[in-house]
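These protein sequence lines are chains Y and B, in that order. The numbers in the first sequence follow UniProt numbering, run straight up by one, and end at 233. The numbers in the second sequence follow UniProt numbering, run straight up by one, and end at 707.
Source of the hints: derived by calculation from the structure; they are not laboratory data. Incorrect hints may have been included.
[Unchecked claim] Okay, derived cross-link-like pairs now, DSSO-like style, lysine-lysine, Cα gap no bigger than 30 Å in a straight line: (1) B/364 <-> B/346; (2) Y/113 <-> Y/70; (3) B/364 <-> B/374; (4) Y/147 <-> Y/113; (5) Y/229 <-> B/548; (6) B/374 <-> B/548; (7) B/374 <-> Y/229; (8) B/31 <-> Y/229; (9) Y/144 <-> Y/87.
The residues making up each chain are set out below.
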Amino acid sequence: MARLSQGQSAEECSRALIQAGSEFVQGAGGCRDRVAEFGSAFVRDDHTILVHSYSRVIMGLLRRAVKQNKRFRVYVTESRPDQSGLKAAEELQALGVPCEVVLDAAVGYIMEKVDLVLAGAEGVVESGGLINKIGTYQLAIVAKAAKKPFYALAESFKFVRLYPLSQYDLPTHRSDLLAFKDTKPTEDWLARLAATNPMLDYTPPELITLLFTDLGVMTPSGVSDELIKFYLD
Amino acid sequence: MSEAKSESKAVESSQPTPALSAEAAEKARLKEERRRLKDIELKKRGIDTDKKDSKSPISKAERRALQEQQRASKQHGAQAKAGGSSQQHRDGGSAASGTRDAREVRLDAGAQHSASGTAAASTTSAAAQGKNTRFSMANRVIPEDKRMYLYLHLDTPQHPPSSATALEVVQSLSINNPAATDHGAGDAAAFAAGIRNAEFPPGPHVIAGMTRDDYVAASTGEPCKVGIAGPSGEPAEALLSDAIPPFSNGLGQRKVAKLSSSMMGIAIHPRIKEVGLRMATMEVSGANARVVSVLAAFADVIADYTPPPQTALYRNLAPHLSAQINFLVYQRPMSTGMGNAIRWLKSQIQNISADMNDDEAKSKLVTMISDYVKERITAAGDVIAELGVEKIQDGDVILTYGNSSTVQRLLIAARDMGRRFRVIVVDSRPHNDGRKLVHKLVAAGFSDLEAAAATTSDSSDMTSAPANHSTRGKGRGRNGLYGGVTYAPITALSFLMREASKVFLGAESFFANGAMLSRAGTAMVALSAHSFHVPVIVPCETYKFSEKIQLDAVVSNELGVPDALMYKTGVPDAEPVGLQCSPSLAEMEYSAYARDRYSARPRWNNRSSLASDTANEAASVIVGAAGKRGKGSKVAAPVAMSDEAKALARLNISCPLSEWRSTHNLRLMNLTQDITPPEFVSVILTEVGMIPTTSIPVVLREYQDQL
Numbered sequence: 001m002a003r004l005s006q007g008q009s010a011e012e013c014s015r016a017l018i019q020a021g022s023e024f025v026q027g028a029g030g031c032r033d034r035v036a037e038f039g040s041a042f043v044r045d046d047h048t049i050l051v052h053s054y055s056r057v058i059m060g061l062l063r064r065a066v067k068q069n070k071r072f073r074v075y076v077t078e079s080r081p082d083q084s085g086l087k088a089a090e091e092l093q094a095l096g097v098p099c100e101v102v103l104d105a106a107v108g109y110i111m112e113k114v115d116l117v118l119a120g121a122e123g124v125v126e127s128g129g130l131i132n133k134i135g136t137y138q139l140a141i142v143a144k145a146a147k148k149p150f151y152a153l154a155e156s157f158k159f160v161r162l163y164p165l166s167q168y169d170l171p172t173h174r175s176d177l178l179a180f181k182d183t184k185p186t187e188d189w190l191a192r193l194a195a196t197n198p199m200l201d202y203t204p205p206e207l208i209t210l211l212f213t214d215l216g217v218m219t220p221s222g223v224s225d226e227l228i229k230f231y232l233d
Numbered sequence: 001m002s003e004a005k006s007e008s009k010a011v012e013s014s015q016p017t018p019a020l021s022a023e024a025a026e027k028a029r030l031k032e033e034r035r036r037l038k039d040i041e042l043k044k045r046g047i048d049t050d051k052k053d054s055k056s057p058i059s060k061a062e063r064r065a066l067q068e069q070q071r072a073s074k075q076h077g078a079q080a081k082a083g084g085s086s087q088q089h090r091d092g093g094s095a096a097s098g099t100r101d102a103r104e105v106r107l108d109a110g111a112q113h114s115a116s117g118t119a120a121a122s123t124t125s126a127a128a129q130g131k132n133t134r135f136s137m138a139n140r141v142i143p144e145d146k147r148m149y150l151y152l153h154l155d156t157p158q159h160p161p162s163s164a165t166a167l168e169v170v171q172s173l174s175i176n177n178p179a180a181t182d183h184g185a186g187d188a189a190a191f192a193a194g195i196r197n198a199e200f201p202p203g204p205h206v207i208a209g210m211t212r213d214d215y216v217a218a219s220t221g222e223p224c225k226v227g228i229a230g231p232s233g234e235p236a237e238a239l240l241s242d243a244i245p246p247f248s249n250g251l252g253q254r255k256v257a258k259l260s261s262s263m264m265g266i267a268i269h270p271r272i273k274e275v276g277l278r279m280a281t282m283e284v285s286g287a288n289a290r291v292v293s294v295l296a297a298f299a300d301v302i303a304d305y306t307p308p309p310q311t312a313l314y315r316n317l318a319p320h321l322s323a324q325i326n327f328l329v330y331q332r333p334m335s336t337g338m339g340n341a342i343r344w345l346k347s348q349i350q351n352i353s354a355d356m357n358d359d360e361a362k363s364k365l366v367t368m369i370s371d372y373v374k375e376r377i378t379a380a381g382d383v384i385a386e387l388g389v390e391k392i393q394d395g396d397v398i399l400t401y402g403n404s405s406t407v408q409r410l411l412i413a414a415r416d417m418g419r420r421f422r423v424i425v426v427d428s429r430p431h432n433d434g435r436k437l438v439h440k441l442v443a444a445g446f447s448d449l450e451a452a453a454a455t456t457s458d459s460s461d462m463t464s465a466p467a468n469h470s471t472r473g474k475g476r477g478r479n480g481l482y483g484g485v486t487y488a489p490i491t492a493l494s495f496l497m498r499e500a501s502k503v504f505l506g507a508e509s510f511f512a513n514g515a516m517l518s519r520a521g522t523a524m525v526a527l528s529a530h531s532f533h534v535p536v537i538v539p540c541e542t543y544k545f546s547e548k549i550q551l552d553a554v555v556s557n558e559l560g561v562p563d564a565l566m567y568k569t570g571v572p573d574a575e576p577v578g579l580q581c582s583p584s585l586a587e588m589e590y591s592a593y594a595r596d597r598y599s600a601r602p603r604w605n606n607r608s609s610l611a612s613d614t615a616n617e618a619a620s621v622i623v624g625a626a627g628k629r630g631k632g633s634k635v636a637a638p639v640a641m642s643d644e645a646k647a648l649a650r651l652n653i654s655c656p657l658s659e660w661r662s663t664h665n666l667r668l669m670n671l672t673q674d675i676t677p678p679e680f681v682s683v684i685l686t687e688v689g690m691i692p693t694t695s696i697p698v699v700l701r702e703y704q705d706q707l
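Whenever a hint applies, use it, and build me the whole structure from the sequences.
Listed below in structure tokens is the structure:
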């Protein structure tokens with residue numbers, strides 16, 4: 001927007017905006033490359049990795065690791081309700097990475113065998129916590145309990161100045177989620193599931209080992225640092 | 001230690017209690033004198049309220065005469081007392097009140113004299129909230145020469161040699177002296193405290209208005225009148241009546257001001273004295289309130305300051321201010337916020353360009369000060385309140401501790417925005433500041449009926465309130481609107497934390513490692529919140545951030561007056577918290593119930609019956625350690641008491657704590673601050689946004705030029 005000036009016609013303006021938008025998208029791709037560059041060092045031969053849901057930035061990192069001739073196995077969570085884990089599994093198979101899809105409920109079962117956990121992010125908040133696909137929070141809790149490193153992958157444009165204090169403090173929170181609404185005697189629970197369940201949860205910073213970002217590998221507290229610097233200008 | 005002890009004893013005996021008749025006569029005299037002083041003051045005010053700097057209408061001779069008279073009248077240990085009258089304007093932040101406020105700090109001599117010598121609190125009038133009670137230290141009178149040294153030291157203009165002596169004296173008496181910090185050496189400390197609390201000697205070396213002539217006399221080595229001068233050396237008659245009081249009860253710890261030659265001969269501005277005393281008496285005690293009132297006073301100091309002829313303002317102002325700051329620090333240790341503000345002010349003075357004329361520079365500085373207050377405190381508070389309101393949802397149960405101005409503002413703002421929530425105010429002795437918060441919340445309508453409906457029940461549901469409340473519509477639970485205020489002592493914390501959905505705490509300062517310095521007890525509340533998984537939200541303006549790191553609360557802390565632990569505070573007529581909490585309870589202690597369980601309860605402090613009552617020897621053995629502690633302790637007779645005896649007992653019973661100065665190995669510790677580890681604080685609300693504790697150094701770094 002800052003690029004627009006008074007003298008421009010509407011057409012010029014829209015062209016400028018479209019250009020800025022496409023630059024941003026390309027930049028985003030570049031960001032993911034850099035995340036992969038920084039993060040792939042953490043993947044080593046013979047590692048077993050647990051991945052939650054489908055995330056382009058995770059795929060980018062794993063692809064980079066494959067290119068570096070690293071041999072590793074991946075467990076992918078099914079990630080209900082949209083089952084996006086299946087898509088991730090397909091892509092990994094195409095890459096030639098040994099792969100298993102685990103039920104979201106089997107995360108605890110599998111955690112012992114895992115060397116590191118990777119999760120993407122819809123947003124990274126001021127506290128250094130994550131907003132991500134539902135299930136990330138419990139995955140992080142299990143990882144913490146099993147003392148496995150939990151790495152979050154996020155491009156720096158996902159940093160947002162929010163500071164949720166709990167799951168219900170997110171902007172996506174709706175009061176009708178899981179709200180004990182009146183149900184019919186013959187309720188189709190399965191159909192109801194996706195409608196009444198949240199799609200996102202919040203993972204607090206103390207559960208996150210490190211964040212892989214295009215600015216480098218940082219601890220959760222580094223997020224606030226970057227945000228303060230960003231908003232200062 | 002023993003030396004100090006014997007000394008203090010000697011001092012005690014050297015000052016015989018004045019006879020009653022003498023006291024009465026003196027009272028009359030003082031009354032007379034007070035009236036006269038008031039007349040003069042009124043006269044003066046009538047003439048020069050508009051023009052602060054104008055010369056007083058009273059002649060110098062008359063002033064001297066007054067001084068003499070006042071000095072004479074106070075020879076017998078009459079006490080001066082500071083403390084605002086109830087009508088007194090309490091807003092330390094209003095710069096406009098100027099010197100006039102200082103003049104309202106009145107002499108209230110005589111009335112305070114307590115011949116009893118025990119630590120019974122004597123208050124003159126039942127006053128509004130914030131009225132301070134004064135602990136009588138009448139039995140600890142300081143020999144004239146010692147006092148002189150002490151005050152010479154305080155009011156810096158003096159020849160260097162005697163100042164050095166003064167320093168020695170003060171240091172030898174100071175609590176800062178390691179030899180005296182051990183409470184085992186309690187007598188030395190007590191003696192020092194006695195000096196601090198003792199009345200201010202009214203000699204001409206102390207209270208005299210100081211004129212330029214006096215300065216000249218001082219510099220030529222003649223016997224001089226050292227003292228308080230008004231702004232720009234103007235003799236301040238009003239100050240005759242505001243004898244700097246015995247730094248009453250508020251403080252326990254004072255730093256001995258550093259003596260430096262550059263500060264010699266610099267007079268303390270009356271506004272600074274006023275602010276210093278208000279801080280010392282805890283009338284101004286909040287972190288923000290302190291900074292605002294200090295800065296307002298500095299604005300006055302700067303406005304009134306005239307540099308010596310042929311010199312530049314920007315060169316002389318800093319040492320002039322340093323002297324004022326020294327006085328303030330002596331009254332009460334500086335808070336982090338104050339330190340930051342003062343450092344900022346000094347750097348602004350440094351930045352004044354040399355070619356700016358004095359008046360311009362002064363008005364520029366005054367404007368900058370008011371801007372600083374607006375930007376860093378007032379506006380910051382607004383932003384913080386806005387952020388805080390976002391974090392409060394309908395149905396929340398907010399737990400808070402003590403009385404933080406920022407939290408108070410935030411809660412009231414949230415209610416004004418239509419949020420309905422319940423507030424739990426947790427409070428603790430000795431200051432019980434939480435009561436002020438309750439007062440404000442109730443005044444803001446928190447306890448109104450429509451809101452109070454839900455407070456009594458449904459509390460178990462409250463824990464899940466954040467999850468469920470919104471399902472019930474806006475703020476409407478099964479039992480109507482949530483709301484109300486609960487006031488509880490800190491001992492109820494672990495029970496109440498169960499109900500809380502958010503904890504809001506005030507902070508005095510944040511260290512670079514994210515640790516929070518705050519009023520004692522805060523760490524406990526934060527720990528409890530952490531273990532109950534309740535988010536701790538701390539509103540804090542960035543000017544309170546400190547680059548220091550303090551690992552625990554013992555490294556540096558402000559010592560409260562130990563005596564504060566002996567008293568019930570917050571009530572106008574403070575009485576010792578002894579075995580009796582109220583007359584009825586005291587009676588209960590000696591009733592049939594008491595005889596069952598507490599028949600062997602010793603009657604502390606009953607010296608008169610020390611030798612008698614061998615029949616109770618067995619009982620005193622049972623009491624054991626307690627019985628051994630004070631030679632004055634004695635065991636109550638396990639027989640029913642007559643009314644008369646009960647009344648007598650009530651008089652006699654007091655807590656052994658009130659005798660702590662003379663009791664070996666009985667120590668009182670009144671730390672006023674503690675450190676909360678960073679991991680217990682979920683979020684800090686600042687004017688630069690909501691940040692985690694880990695971002696304190698980032699803010700310090702990034703906003704360096706602005707801080």
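Right, here's what the structure says about each hint:
1. B/364 <-> B/346: Roughly 14 Å separates the two Cα atoms, so the pair holds.
2. Y/113 <-> Y/70: Roughly 18 Å between the alpha carbons, so the hint for residue 113 of chain Y and residue 70 of chain Y holds.
3. B/364 <-> B/374: Between residue 364 of chain B and residue 374 of chain B the Cα gap is close to 15 Å, so the pair holds against 30 Å.
4. Y/147 <-> Y/113: holds (12 Å)
5. Y/229 <-> B/548: holds (22 Å)
6. B/374 <-> B/548: With a Cα-Cα distance of about 25 Å, the restraint between residue 374 of chain B and residue 548 of chain B holds, given a limit of 30 Å.
7. B/374 <-> Y/229: Since the Cα atoms of residue 374 of chain B and residue 229 of chain Y sit roughly 24 Å apart, the hinted pair holds (cutoff 30 Å).
8. B/31 <-> Y/229: Answer violated: residue 31 of chain B to residue 229 of chain Y is near 64 Å, above 30 Å.
9. Y/144 <-> Y/87: Satisfied, since the Cα-Cα distance of roughly 27 Å is no more than 30 Å.
Comparing the model with each earlier hint shows a violation of hint 8 alone; every other hint is respected.
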